[in-house]
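K.L.:
I would like the entire structure built from these sequences, with the hints used as guidance.
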Amino acid sequence: MSSAGYDVIIVGAGIVGAACADECARAGLKTLVVDREGVGGGATAAGMGHIVVMDDSEAQFALTRYSQQLWQSLRSGLPRDVEYEQCGTIWVAADDEEMGEVERKRSYYQSRGVRVEVLAAGELERLEPNLRKGLAGGLLVLEDGVLYPPCAARFLMQRAKEAGAEFRLGSSVTELRQGRVVLEDGTQFHADRLVNAAGAWAGALTPGVDVKKRKGHLVITDRYPGFVRHQLVELGYLKSAHSVATDSVAFNVQPRQTGQVLIGSSRQYGAEEKAVDSEILARMMRRASEYMPALAQTSVIRTWTGFRAATPDKLPLIGPWRSDPTVFLATGHEGLGITTSLATARLLVDQIMGRRSEISAEPYLPSRPVSEQVHA
Amino acid sequence: MSKDAQFDVLVIGGGPAGLAAAVMAAECGRRVGIVEDNAALGGQIWRGEAQTAGSAAQNWAERMNAAGVELRCSTRVFHQPQAGALLCETPGGVCELQYSQLVIATGARERFLPFPGWTLPNVMGAGGLQAMVKSGLAIAGKRVVVAGSGPLLIAVAAYLRQHGAVVPFVCEQASWSSLARFGLSLLGQSGKLAEALRFRRQLQGVQFAAGSWVVEAKGKDVLEEVVISRGGKRQNIACDYLACGFHLAPNVELAAFLGCNININDGCVLVDDLQRTSVRGVFCAGEPTGIGGLELSLVEGKIAGFAAAAREVPRPLFAERSRMRRFAHRLNVAFALRPELKKLAQPETIVCRCEDVTCGRLSQHTTWREAKLHSRCGMGPCQGRICGPAAEFLFGWKPDSVRPPIFPVAFESLARISEAQHEPVGPV
Amino acid sequence: MPETVAVVVNGKRVAVPAGATVAVAIAVAGEFCRKSVTGEPRTALCGMGICFECRAIVNGRPHCRSCQIVCQPGMDVRTDE
Chain H
816 MSSAGYDVII VGAGIVGAAC ADECARAGLK TLVVDREGVG GGATAAGMGH IVVMDDSEAQ
876 FALTRYSQQL WQSLRSGLPR DVEYEQCGTI WVAADDEEMG EVERKRSYYQ SRGVRVEVLA
936 AGELERLEPN LRKGLAGGLL VLEDGVLYPP CAARFLMQRA KEAGAEFRLG SSVTELRQGR
996 VVLEDGTQFH ADRLVNAAGA WAGALTPGVD VKKRKGHLVI TDRYPGFVRH QLVELGYLKS
1056 AHSVATDSVA FNVQPRQTGQ VLIGSSRQYG AEEKAVDSEI LARMMRRASE YMPALAQTSV
1116 IRTWTGFRAA TPDKLPLIGP WRSDPTVFLA TGHEGLGITT SLATARLLVD QIMGRRSEIS
1176 AEPYLPSRPV SEQVHA
Chain S
784 MSKDAQFDVL VIGGGPAGLA AAVMAAECGR RVGIVEDNAA LGGQIWRGEA QTAGSAAQNW
844 AERMNAAGVE LRCSTRVFHQ PQAGALLCET PGGVCELQYS QLVIATGARE RFLPFPGWTL
904 PNVMGAGGLQ AMVKSGLAIA GKRVVVAGSG PLLIAVAAYL RQHGAVVPFV CEQASWSSLA
964 RFGLSLLGQS GKLAEALRFR RQLQGVQFAA GSWVVEAKGK DVLEEVVISR GGKRQNIACD
1024 YLACGFHLAP NVELAAFLGC NININDGCVL VDDLQRTSVR GVFCAGEPTG IGGLELSLVE
1084 GKIAGFAAAA REVPRPLFAE RSRMRRFAHR LNVAFALRPE LKKLAQPETI VCRCEDVTCG
1144 RLSQHTTWRE AKLHSRCGMG PCQGRICGPA AEFLFGWKPD SVRPPIFPVA FESLARISEA
1204 QHEPVGPV
Chain A
865 MPETVAVVVN GKRVAVPAGA TVAVAIAVAG EFCRKSVTGE PRTALCGMGI CFECRAIVNG
925 RPHCRSCQIV CQPGMDVRTD E
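Chains as they are written, first to last, in the working numbering: chain H, 816 to 1191; chain S, 784 to 1211; chain A, 865 to 945.
Hints are computed from structural coordinates only; laboratory data are not their basis. In this text, a Cβ means the ideal position worked out from N, Cα and C, and glycines have one as well. Don't take each hint at face value.
[To be verified] Derived lysine-lysine pairs resembling DSBU-like cross-links, with alpha carbons at most 35 Å apart: (1) S/Lys1126 <-> S/Lys925; (2) S/Lys1001 <-> S/Lys1181; (3) S/Lys917 <-> A/Lys876; (4) H/Lys845 <-> H/Lys1027; (5) A/Lys899 <-> S/Lys1181; (6) H/Lys1028 <-> S/Lys1181; (7) A/Lys899 <-> S/Lys1001; (8) S/Lys1126 <-> H/Lys976; (9) S/Lys1181 <-> H/Lys1027; (10) S/Lys925 <-> S/Lys1016; (11) A/Lys899 <-> S/Lys1126; (12) A/Lys876 <-> S/Lys1125; (13) S/Lys1125 <-> A/Lys899; (14) S/Lys1181 <-> S/Lys1016; (15) A/Lys899 <-> S/Lys925; (16) S/Lys1003 <-> A/Lys876; (17) S/Lys1016 <-> H/Lys1089; (18) S/Lys1001 <-> A/Lys876; (19) S/Lys1181 <-> S/Lys1126; (20) H/Lys948 <-> H/Lys845; (21) H/Lys976 <-> S/Lys1181.
[To be verified] Here are a few chain A residues that face chain H, going by a calculated C-beta distance under 8 Å: (22) Arg925; (23) Pro926; (24) His927.
P.N.:
Now the structure itself:
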């Protein structure tokens, strides 16, 4: 450990940076966190706060499952404003073909120890009466949950602080390489390890990192307690998330503890502007109305956008960067940043400390051969 | 569904500035429409007056009708789908209004500052209580303390007395010396002086206290008494209502949403001599360009109306506007908020009423954005219109950018922000 | 004699002057408009449709700004959660 410096400097105070700071500090590493704004910005401020176990690949399953379990073990210590709720996810099937997909998912999850329940049409209607009539059913994943991301990031940062982490917030980073972080005012910090947890801006900080912005839109209503009880996702969501080239929308709603309904989701490529895109927003809202006609009369208070950090193969980058032995990446989480933040932090610190990880870190290493997974 | 339409000049706001702009533009031969979110014309200061025989409001309303201005009440702008068009929500659905020139005359709202007990039922704005009485609230025989700041307090106290209320106190936070300086300046404005004297008659028997403010509102589930500070001493006054507002905050959200430049110092819309904003084809008149009262709103509205109609503005209007602006400046100086008011809110005093966020919780943050994100302050249905000016006064935080919807709307209305056409079915 | 309009507030029949708003009817009924998120009773603050403190359920529709709605005969108003 250099006397004038840190063991690790983490750039990015979103959920991933916060989780990493927490792990690093509690592992006894002298930690500094830097962010151009405050805690919980970026995609953390904008996203849906879903904790979900995904089945679209073994690597994605392993990471999301491991991380979800970490959240569950943390939950009793979470303050009220984190609003952790194990409401479960219902993957909604609109027709028999999608019910076939439900069956496939059931088998996949059950064989891996994830608690699920197949819902027939009647049961789906009973659990979620505001869904439209005529849906085929769904799959309820019982241990999934939701939380309020900015306060979760704040909680993790607070723990990191209590474990000795230091902070330099409100400062942009102009350089991150070879053990040195330089701020826009010229201040320099040194560390053995630098962690790029800058999300959608990771590629700007570390040239060559292939992380692209994937813009999303969200809508939130006034309070309607009981309007929706679970996180609801259409099975077509997977087609949307995996589509590489076209802008897409999918039905995705979430209950907030406040009773507000949060509606998503959209994905756009090459969209760099923060402004709300009327066309995509309207498409997204119409899609949501198709699944939940009762949304029509709800009062919408706000809309906003955010940028996910997307990699070509949909998996995050967790581990050492090939071009600079001092730089570690913890980025590229696309729509799963909240879910996988805790596992990311574990894997990262395992690598820094040379510890064995609970799951294989291979699939997420930045040095992995990159291939785009193409789905039918 | 509501009818879509096209206008040469579309005026947003049916108060004095909007009426003046619409009438001028229409009398110049343009096709003009007024959009008003209330059920009736008049905005705030002329609420209910368009029906009052002989009133200035009624005169303008008659001129408006004679000039063929199309009036759309209960119509609320919530989005701009493309330049030259606005989407509005109406009881009948969504309509798209197209225009060549736009005049933003969205007026102002009261500024609220938090103090212990201000969330109790029957604590209202000064204009707020007046609006409720105009909407049918019985006030005869009720005890009302009027407090806060601004010329509105006197007008409200007089109005309430006229309708039978007992007004034991009017508490103006501005000092006697500030008011005296302002009062002297009224000598240069005969109309204003007459108005002030008229109020004096109506207010005989009412104790007017300068350098005074409400420290606490108390009551079990509803207001029962207020504690006022007066000359360094506290005094309890039993009352049924507290009408408390601290002057006005301009409604600049629509202008900001459309991209008009806003003055970072006072939060008002920047306009040139012809009331043009930084956005081509968009004018702004009245309170959003700077709080200045009725007469300034009228003259700015007239100028904007002529300019939007591409007609030469009669020269005397410029001199009148300059005079009114000087008066407005003196008014705003006289009623500037004193720093003691920042100390009224205690750590447990609610600042954001939509989300019940306390002052203590907010003071942990350093920016408006961070405070919103972590405490939800300003994320409720008022979209920061009530708590924003308070937070700005308490912490110096400037407001955020404005996103659609500019005002809460039905999901099904917002879902129509991108559509090739709306069905033009039936009348409004 | 001014006309009156009768509406129902939380099951109670209430008469208000014609043209009066639902917020006034709620006040005449001796009720609050709503409970805040921490359970405080609230009624109208701004009187001009901006503060949303006057929200009530009108004819079954939640979150209506009662100060902006003119009472119609037989209107059903609820302020309970």
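K.L.:
Look at each hint and say if it fits the structure.
P.N.:
Status of each hint after checking the structure:
| no. | hint | result |
| --- | --- | --- |
| 1 | S/Lys1126 <-> S/Lys925 | 30 Å, holds |
| 2 | S/Lys1001 <-> S/Lys1181 | 31 Å, holds |
| 3 | S/Lys917 <-> A/Lys876 | 24 Å, holds |
| 4 | H/Lys845 <-> H/Lys1027 | 31 Å, holds |
| 5 | A/Lys899 <-> S/Lys1181 | 29 Å, holds |
| 6 | H/Lys1028 <-> S/Lys1181 | 28 Å, holds |
| 7 | A/Lys899 <-> S/Lys1001 | 18 Å, holds |
| 8 | S/Lys1126 <-> H/Lys976 | 31 Å, holds |
| 9 | S/Lys1181 <-> H/Lys1027 | 31 Å, holds |
| 10 | S/Lys925 <-> S/Lys1016 | 25 Å, holds |
| 11 | A/Lys899 <-> S/Lys1126 | 27 Å, holds |
| 12 | A/Lys876 <-> S/Lys1125 | 42 Å, violated |
| 13 | S/Lys1125 <-> A/Lys899 | 27 Å, holds |
| 14 | S/Lys1181 <-> S/Lys1016 | 34 Å, holds |
| 15 | A/Lys899 <-> S/Lys925 | 25 Å, holds |
| 16 | S/Lys1003 <-> A/Lys876 | 23 Å, holds |
| 17 | S/Lys1016 <-> H/Lys1089 | 52 Å, violated |
| 18 | S/Lys1001 <-> A/Lys876 | 28 Å, holds |
| 19 | S/Lys1181 <-> S/Lys1126 | 19 Å, holds |
| 20 | H/Lys948 <-> H/Lys845 | 56 Å, violated |
| 21 | H/Lys976 <-> S/Lys1181 | 29 Å, holds |
| 22 | Arg925 | 6 Å, holds |
| 23 | Pro926 | 7 Å, holds |
| 24 | His927 | 5 Å, holds |
Taken one by one, the earlier hints fail for this structure at numbers 12, 17, 20, listed in ascending order.
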